[in-house]
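Protein sequence lines, in the order shown, are assigned to chains A and B.
Per our numbering, numbering of the first sequence is gapless, rising by one per residue and ending at 115.
Per our numbering, numbering of the second sequence is gapless, rising by one per residue and ending at 1112.
None of these hints come from the bench; they were simulated from the model.
Only a predicted model underlies this, so the values are computations on that prediction, with no experimental measurement involved.
None of the hints are false.
Taking lysine-lysine and the DSBU-like style, the derived pairs with C-alpha atoms no more than 35 Å apart in a straight line are:
| hint | chain 1 | residue 1 | chain 2 | residue 2 |
| --- | --- | --- | --- | --- |
| 1 | B | 1011 | A | 107 |
| 2 | A | 49 | B | 1070 |
| 3 | A | 49 | B | 1057 |
| 4 | B | 1057 | A | 107 |
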Amino acid sequence: AQSVTQLGSHVSVSEGALVLLRCNYSSSVPPYLFWYVQYPNQGLQLLLKYTTGATLVKGINGFEAEFKKSETSFHLTKPSAHMSDAAEYFCAVSDLNQAGTALIFGKGTTLSVSS
Amino acid sequence: DAGITQSPRYKITETGRQVTLMCHQTWSHSYMFWYRQDLGHGLRLIYYSAAADITDKGEVPDGYVVSRSKTENFPLTLESATRSQTSVYFCATGTSDYNEQFFGPGTRLTVL
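Looking at chain A on its own, in the form it has when it is part of the complex (with noise of 0.2 Å):
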């Protein structure tokens, strides 16, 4: 079976230092990776999406994620981040094979930044 592990649940940084969300899925196929954002008191909005070929996806709002496959991992980075990066960040994983399957999804990791 398909999981998500998002590592911490709660990540701060300062405006302007880098942003490192980590999340590890366990997938018997090949998987389709998606990184959701949640603004407080809204819905999740699409971030990124791996699916197939490069790697190293580009995202809205100056994210970026890198599908490692042999350590199954899916991380979220940003250089530089903005106080209004401050949200909930939630990983996702799909089976690549089912189509219309709903997606699994990790806990999720509150970030905060500081000025």
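Dock chain B against the given chain A, drawing on the hints supplied.
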């Protein structure tokens, strides 16, 4: 273009009452999903639907009922609400393209 809407956005009810949460999409996506979000659990799938009149259970279906008579609507009913069903409920739609999903704004449900 509203995309995906949920109503009500906030609901307070009492134990034992029936509650229906509505989800409507304008994209004509085949797949629709209901998740609940609870602190420490992330998002957990309640039910999903691959098309009109096709539904299936997710991870936490007990106490919930769904129907999908039209592609655009996917209501979620709590037949007899319990305090443990206090949560934020998200509806999502999806396509078969890479299983990407699109989320509604959520309904915050409190059961007293």
